[in-house]
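**Q** Listed below, chain by chain, are the residues.
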Amino acid sequence: MTRAIHRYAGLSAALLLLVLTLSGVALSVVPAWERLQAPATDEGGPSVAALATRVAENYPEVEQIRRAPSGLITAYYFVDGATGAVVIDPATGRGIADYDPSPALRWLKDLHRSLLLGDGGRMAAAAGALAMLALSVSGLLLLARRMGGWRRLFAPARGTLSARLHVEIGRLAMIGLIIAPATAIWMALGTFDILPQETANPPFPGRVSGEMGMSPAAMPALADIPVSDLRSLTFPYAGDATDVFTLTTDRGEGYIDRGTGLMLSWQDAGTWQKVNEFIYLLHTGQGAWAWGLILGLMVLGGPVLAITGAILWWVGRRARPALPGGTVPARRADTVVLVGSEGGSTWGFAATLTEGLMAHRHKVHVAPMSRFAPDSCRQAEQVIVLAATYGDGEAPASARGFIDRLAALKRPPAAKLAVLGFGDRQFPAYCAYAKQVAALAREKGWEMLLELDTVDRQSPQDFARWGRALGEALGHELELAHVPVQPRTHRLTLISRRDYGQEAQAPTAILRFALPRTGLLDRLRGRGWRRFKAGDLLGILPEGSAVARFYSLASSSRDGFVEICVRKHPHGLCSGQLFELGIGDEIEAFIRPNPEFRPARNRKPVILIGAGTGIGPLAGFARANRRRRPMHLYFGIRHPDSDFLYGREIADWQGQGRLSAVRLATSRSGQAAYVQDLLRADGAQLAGMIRNGAQILVCGGRDMAAGVAQALQEVLAPHGLEPALLKAEGRYLEDVY
Amino acid sequence: MRSILATLALTTALVVPGALAAKPVTLTTTLKNYRGPGAYLVLYVTDANDAYKGTLWMAGGKSKYYKHLGNWFRATGGDPAQISGITGASVGAGRTLELTFDLSDALFDAGYRLHIDAAVEDFRDSPNDVVIPLTSANGGKPVAGRRYVASFTFQ
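Listed in order, the protein sequences are those of chains A and B.
Each number in my numbering comes from the position in the first sequence (counting from 1) with 85 added on.
Each number in my numbering comes from the position in the second sequence (counting from 1) with 1 added on.
Next comes chain B alone, as it looks inside the complex (with noise of 0.2 Å):
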């Protein structure tokens, strides 16, 4: 169980002017046990009409596997500024990953998505792994990823 606790900022795109209110939020990603290598995640957040808002966090080191997640990098081109401060290290089949931020209550109910990209080396990629809306009905709900994710629940 791989927990990271990180009272992180958000990057600017993902504050909303005026919130003064945050909570802590847990975000627990557990892959299935797809016998392969690590897998690249990242999870992002767009907005109702799929237009990408901001990276919470990019599981994996080297920016040329990046391409792999293709709805995310089609959409901001690989930038690593969107990811900087944020990289952690990538899970590996079967594992979980777990972590926290502070998350402006803006955030929920109104409208944004959360999405998770996912790859593995050799395996066929998995862009929208997991679409989930950020409201507080679904939150605490686990939900099953389309290929690699076997659950994703926040918190």
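Just chain A, with the same shape it has in the complex (with noise of 0.2 Å):
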């Protein structure tokens, strides 16, 4: 539902925002502007008496003196039958120049407040008031479920450039996106007497001296009166012995006798007004240039979170695939698939899913987790629940509800379920959801078809090992090839390629591909090959099949190729083909992002953590390792002899300063240590170097990441540090496999 209000209120008044922020922003420096215009007034000023006297002196038609809450001072005065208006110098009471508002200045005022567009105006621009703020504070209630909680608000944030640009910026804002819009609805509620706008009226004195001539100098109710205090003060009309003096301050109002210097009567400001006035100071910064300035700065984020709030949307609804035609009903189904989905990629595996299960004909019913009605689902035989995660563990957009209603159950369905989770393990809370639902339903006595599964950053690979486990279940084949929507590949030529390992078992190669060429108009269409760092994923499509596998990348487009680091697995297609690559063959080939595996943008130094061909982005690390940070390397091989891949980079890096220490551990010679021993030997230098902000990088395996995870846990729990903590701050990196 929140998600939904920020979705629509943001796109269906983006055009609208986009004026009301940038006319906002532009008037949020004028106050600044003409704070500076403003010939200062110290505290131990003239009062208004002797101000008053001086302009009198000046100008001696003066009608009106007025001081703006920039502290500008102007009085209007009448001469030869024409109107003046001049600014004045409280110290001389001369005039130093005329005053003529800025039609610009008037222009973009009634822009912002009603489009120019008069009353009509007035209410489209409320209307875009309240459209942002209900942007502002529903963007608010997301971000702290996105980040997992309000106390982790503040977070690093993850994911793409559009995605981070929309966190940070919106964090960073948020006050001044909730102020703006709140006290503008406040002001159009005024305006359209909805609100009191209450003024301070004091009575008009029925009776006056009838006296004239005193001179502003001598009156009593003036003397005490800073300038600072001023707001106006209208001088009666010449000649008439009637008319009174009227002050106007910040207290309130009244009239003063022209003749005695008496004040006749007084009001002090309401707290209406007082409330209304200092919503008004919130708003424009009228009086409180810093605070005008500063909240025009947060403004400014509005458009560049409409920019990025509409790519993100449009990059979601391209990333929905459709459902297979076909779907039954849910009370003529037999197998019923219930999808909790956050961002929509997990609708693309059931929608494999559906299809397969078709295939096999099983008549197949899709929905929502949010609804689940056992009672709808009579003919039903299993139930199927793909549920990704949201936050920390919290449920998808698609499945609210299915938790409650679930715990409400008073028998389980005759239908058995099986449960697979989505997520990513670089989370701490991985698959959390699915796992509460597991447990859930197996609290409830849920005879269950398959144990809980789960699917780690949407690899294609696990998801068909968990569909020939469900089809073996089912008592049939279910191959699940899912093709997640694929970038387009491009053709790569190997330049070259050392191989490392036949000694030991485990033949191992470096591979190394030139960048490819793209013509002009393929680059302008975006259809080029991106630029990729050490770290983010190189996604092969092997001849034979539509399921990329992906390999961490060894180098950077800078470097100007692009190397992989492949082991052969006995019965891997991709790898099979990759051994089998001739200096000049070709692969087919895209990048992948994979922007959370990178060493942080700082000077803090960096533990390199790798075995085997983990090797690869750390090595891509290394070799970009331009500023000469420092790096300490702990590398796990079998033999140096037979497979230390990057052995004479390694100590050339190690010459030129790219790394500053190099580890090996060795486990099939010498003294057979794996990486991991050799951590436990160098605790307290690790722990003093965490201490200090350096960054843990983990590539590997996932026993040996496992394995190095205990040990860190050992050697830092007694400075008391924590693993778990150093991975939610970022600090601690795992590509693994």
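Zero decoy hints are in this set.
With a Cα cut of at most 27 Å, we get these calculated DSSO-like pairs of lysine-lysine:
1. B/24 with B/142
2. B/65 with B/33
3. B/142 with B/54
4. A/359 with B/65
5. A/529 with A/501
6. A/448 with A/501
7. B/142 with B/33
8. A/194 with B/33
9. A/689 with A/812
10. A/194 with B/68
11. A/359 with B/68
12. A/194 with B/63
13. A/520 with A/501
14. B/33 with B/63
15. A/359 with A/194
16. B/63 with A/359
17. A/520 with A/495
18. B/68 with B/33
19. B/65 with B/54
20. A/529 with A/495
21. B/65 with A/194
Source of the hints: derived by calculation from the structure; they are not laboratory data.
Here the structure is a predicted model, which is why all the values come from computation and not from measurement.
Put the complex together from the two separate chains, hints included.
**A** Below is the structure:
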């Protein structure tokens, strides 16, 4: 619901808000600029009495002296039948320059308040402010959800560039983006008389002294009021004995006798007036120029949020595929597929599953988890739940209410249940929601068709593996070839290869490909070979398969080639084909960014830990370490003679200062050791570096990563550090396969 | 040129009992081109001692600005009943407001005076911008206002 509000308010009001925010930002500079223009009055300046006398001396026909919130003092006078206005220097009472409010400024103000359209425009502007407030508040709620709680609101942002910008700028600007529209709505309500607009209205004095001619300097009522409190002083009409001075200050308004100088009647500014004026100050910055500038800066984030928000929406739309035709209503289905998706990608998996099941003549019904209704699925034999996780283990958008409905069941459904979770092992709460669902189902006594399984980072291999297990349970084959929306592939040519590990029966190769040539036309249409950095992934489509296999990149586009480390798996389709490649042969590949797995952009030391082909991205980082920040490499291999990948380069990099220290762990020679043993040996030094802000990057197999995590836990615990906390801060990153 | 043809009966205050003769009178107010936002104008009638009698027309919709029409505001306290049904939009700089009323003959040549208060946002207020006695002799004679009104005529 929150997401829907955010999406539709944003899309529908984007243009209007662009006009309102940009005009508002332009106006926010005005109070500061006016302040610069106003001649300074110090606190111990003249009183209103002195000022009025001086002005009256210089302009005998003065009608009104006004002081703007910025401190600018103007006098309006009448000479030879013509009216005039001047800016007054408070020290001398003399006019500095003619007062000519800029028509451009007035136009801008009209644009901002009413889109130059009068009352209808004012209503449109108010509606825009309402939309902006809805956007800001819903955005704040969504942000808290996405970051995993209010306490993590300022944790590092993750994701693509658009997503990161949207989050970062949203966080900086949220206060301004809430205050500006809220105050605007308040003022609009006042303008349309929905909120009271009281101002001080002293009763007009019934009787005046009838005397004339007292100089303002002598008036007791004016003597004690400093100019900084003054708002306006209106002079009586010349020759009219019954007319009075009208004084308006910050405190209220009153009438002063022109003959005796006494205050005849006074009324203090009421509470509503003070509140309204404060709201006005909050919105315009008039009288608080610094706040005006700050608010303007924050509101300037609005257009950026609009643009990145539109991009995110568009990209999200394209990622949501359609379900195949031929699904049946719930009551006739023998298989019910329930989908809990946040970004739409899980629907793609559901589509693949549905197709696969229908090919084996199942009658499938697909629905979001939020529409779970066991009573309507009488004929169902199995229920398959595909559940992504949101934030810190919360239900994804299309699964709202599922847990409650499941908990309220009195009897478990007759159909058997299979739960498949989708998540990212980099996040602490991996598939937490799916696990919660499975646990609750088990509590309810719901019979399970399959044990809970998970898919890491939308891996088609994980999904296919689960599909085969599902097929077994259902009694037939089930090959699920999920094809996520694939970017275009390019042909890469092999330019060099180095082979290792033949002796140790673990053939490994470093393959180097040339950067593909992309024509100008392709690049303009956005179909060029994208720029990549070490740590990103190369997706390779082996011949005969539509499912990509991913390898971590060991080079950056800056290096001028595409390099990966491949280990030959006995039954691996892709690795087998790669190993057959000769110089000049070609493959089909594309880049998938992996912006999380990268050294942070600072000068803190980096600890690189890898084993076997995991050295790939780590070597890429070392190669790209132009700024010579301290990098400590822990590399685990079997035997230095057989599979010391990058042996020569590592020595070179150490000599050049790109690597500060290299520790090699050999498991089948000399002192048999694994990487985790080296970590334990260097425990104190590592703990010291980490306390000073160092970062850890781990790349390798699952078992190695687990061993490393264990070792680091042991090493850091006595120093009060915890790998889980480092992970949350983004200082402990893993690329694990 | 904005023209409003309004055959309005006057508020009770302005209807002199026993008056049967009334004739349509056109009031034309032209503003100077003072290069600013639209002006709020109020046209009202006082007697010879400047005691308020009644309002003819209020040009300007937002009641929060009425206090800037100082003389009128002081006399009426901003009472909305005084202007109920006789309100219109504010008048832009350089524009003309034309109003036609059926005014009782008893209003003329009896010492009554017509006032126009004017106010412009962010500019100086101008109460009694125009004060003109309602006499047949003054009919048709354009008179200039103090500040914002370039000329005012009643016919």
